[in-house]
Each structure stands twice: as structure tokens, then as C-alpha cells.
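Protein chains in written order, with the working numbering: chain P, 1 to 112; chain Z, 1001 to 1113.
These are calculated hints, taken from the structure and not from any lab test.
Backbone N, C-alpha and C fix where the C-beta goes; we use that ideal spot for every residue, glycine too.
Check each hint, because a few of them may be wrong.
[To be verified] One side only, chain Z facing chain P, incomplete, derived with CB under 7 Å:
| id | residue |
| --- | --- |
| 1 | 1042 |
| 2 | 1045 |
| 3 | 1056 |
| 4 | 1059 |
| 5 | 1105 |
[Unchecked claim] Residues from chain Z that keep clear of chain P, each with C-beta distances beyond 12 Å, as calculated:
| id | residue |
| --- | --- |
| 6 | 1052 |
| 7 | 1062 |
| 8 | 1069 |
| 9 | 1073 |
| 10 | 1075 |
| 11 | 1079 |
| 12 | 1090 |
[To be verified] Restraint-style ranges between C-beta atoms, simulated for each label pair:
| id | chain 1 | residue 1 | chain 2 | residue 2 | range |
| --- | --- | --- | --- | --- | --- |
| 13 | Z | 1014 | P | 3 | 44 to 50 Å |
| 14 | Z | 1022 | P | 68 | 39 to 45 Å |
| 15 | Z | 1051 | P | 53 | 29 to 35 Å |
| 16 | Z | 1051 | P | 75 | 35 to 41 Å |
| 17 | P | 66 | Z | 1014 | 44 to 50 Å |
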Amino acid sequence: GEDVEQSLFLSVREGDSSVINCTYTDSSSTYLYWYKQEPGAGLQLLTYIFSNMDMKQDQRLTVLLNKKDKHLSLRIADTQTGDSAIYFCAETLHSSASKIIFGSGTRLSIRP
Amino acid sequence: DAGVTQSPTHLIKTRGQQVTLRCSPKSGHDTVSWYQQALGQGPQFIFQYYEEEERQRGNFPDRFSGHQFPNYSSELNVNALLLGDSALYLCASSLGGIGTEAFFGQGTRLTVV
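Put together the whole structure using the sequences plus the hints.
Structure below.
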């Protein structure tokens, strides 16, 4: 079935790395995404990975995909206060490329 | 380059009323999808419009309807509003009738009282 799960909260110290994890159930995922939502705002596409890739790096962001375990992670290096937001893991399926299926989001808070 | 624009930004309606939300896609995009995001939840897919037709629909009742115009802009209509329709409504634009690399607008916050 279509299900994307994430932990609800993550707190990290400024300057440390943040790792946000996600699991999905449908093995027919084509693309997997990470979106960022700041308070009162829409969704910002951070990065995405095609399902036949293992890793993608983009500046401070590293996405790791373990297809066998259906596990996706987002690592943010040198976390800053501006990274405080809700991060959504999402997928599109081969059978339904029109829609994006979102998790419930992980709220990342940064402590000094 | 204007991104995805939605109007209005906020709206308050009474139960039973009807509402129309509007979306202009990012320049060069021809596909518009609508999502409902309830408080504390991830967005839920309502439907997608491509070539002025509804291509796919999520698990939403017929009270939710839409339209796409020749200039690719779109409207979302909700009839007979319920308190549970209170949410942030997000519009996403993409290319070629698929959801990949979708760009989202800032959303319309609908409150039903």
C-alpha cells in the first residue's frame, strides 16, 4: 500500500549534523523527495532521488536510499538555525506518477 | 520568473458555503495538482489537471471539483463546506502530466466556521 512514515520530532545542536529518516512501503516508488516547510509557508523542494540511485549529494544535503529496506534519509551538515522547519519525505509511484504521497513530516528544531 | 502563485492567501467561510481557490503555475509548466494539508499532517493529493482535464483524483468527495484553463491556470472549488474542510490548500505545478519535480505555491489557508 501507499504509506510513508517519519518520526515526528528531531532536535539537534547548531553546527551538528541532522539526520531525518523515512520509511516507505511501496516498492514501485520511482522518485523519492525531501520537501521543507517553514511556518506559514508552502513546500520547498529540497532534493529528490531516482529510485535506482543510492545516494545524492547537494551542498550540505546528502540523501541516502536503501531500496532493500525501503529506507530514505536526509543528512543536513552543519545545521543552522535557518534549517528549523518541518521536513517531509515523499514519493511518486510507477503506477501513479501524477500524485506525490507525503509522510506526516519531521519537525527539526535547533538548539544553541 | 514568477513561481506558483495562489489566491487568496487566507479565507474564512461559513459551513454550507462554496469556495473557489485559484492557482497560476510556474512559467513553462502545464500541469497543476491540488493538495489539502490539515494541521499537523502532510499534504494529501486531491486531483491533478493536465490538458484541461482531471487526470487523477485522490480520495476526496465530489464536493471537491476543479478546472484548468487554456493558460494552464487552475481553480479548486469546494461546495457545501464542512468544518473539516479547514486546511491549507496547496497548488503544485509540474510538466507533462506527472508530479515529478513539482513546485508548490504558498497555499491558501481556508477556515470554515
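Each hint, compared with the structure:
Contact between residue 1042 (chain Z) and chain P, as hinted, is supported at the beta carbon level, the nearest pair being about 3 Å apart and thus within 7 Å. At about 4 Å, the closest approach between the beta carbon of residue 1045 (chain Z) and any beta carbon in chain P falls short of 7 Å, and the interface hint on this residue holds. Checking residue 1056 (chain Z) against chain P by beta carbon gives a least distance of about 4 Å; that is within 7 Å, so the hint holds. The criterion of a C-beta within 7 Å of any C-beta in chain P is not met by residue 1059 (chain Z), whose closest approach is roughly 11 Å, and the hint is violated.
Because the smallest distance between the Cβ of residue 1105 (chain Z) and any Cβ of chain P comes to about 5 Å, under 7 Å, the interface hint for this residue holds. With a cut of 12 Å on Cβ distances, residue 1052 (chain Z) stays outside the contact zone with chain P, its closest approach being about 15 Å. With 12 Å as the threshold on Cβ separation, the claim that residue 1062 (chain Z) sits away from chain P holds: the shortest Cβ distance comes to roughly 18 Å. No beta-carbon of chain P comes within 12 Å of the beta-carbon of residue 1069 (chain Z); the shortest separation is about 19 Å.
With a closest Cβ-Cβ approach of about 17 Å to chain P, residue 1073 (chain Z) is found to remain outside the 12 Å limit, as its non-interface label requires. Under the 12 Å C-beta cut-off, the non-interface status given to residue 1075 (chain Z) relative to chain P holds; the minimum distance is some 18 Å. Look at residue 1079 (chain Z): its CB is around 22 Å from the nearest CB on chain P, clear of 12 Å, so calling it non-interface holds up. Not every Cβ of chain P is farther than 12 Å from the Cβ of residue 1090 (chain Z); the closest lies at roughly 6 Å, contradicting the non-interface assignment.
Judged by the Cβ atoms, the range 44 to 50 Å given for residue 1014 (chain Z) and residue 3 (chain P) is violated: they are separated by roughly 35 Å. Taking 39 to 45 Å as the suggested C-beta distance range, the pair residue 1022 (chain Z) and residue 68 (chain P) conforms, at roughly 44 Å. Taking 29 to 35 Å as the suggested C-beta distance range, the pair residue 1051 (chain Z) and residue 53 (chain P) conforms, at roughly 31 Å. For the pair residue 1051 (chain Z) and residue 75 (chain P), the beta carbons lie near 39 Å from each other, so the given range of 35 to 41 Å is met.
The given range of 44 to 50 Å is respected by residue 66 (chain P) and residue 1014 (chain Z), whose C-beta atoms sit roughly 49 Å from each other.
Hint violations for this structure: numbers 4, 12, 13, all remaining hints satisfied.
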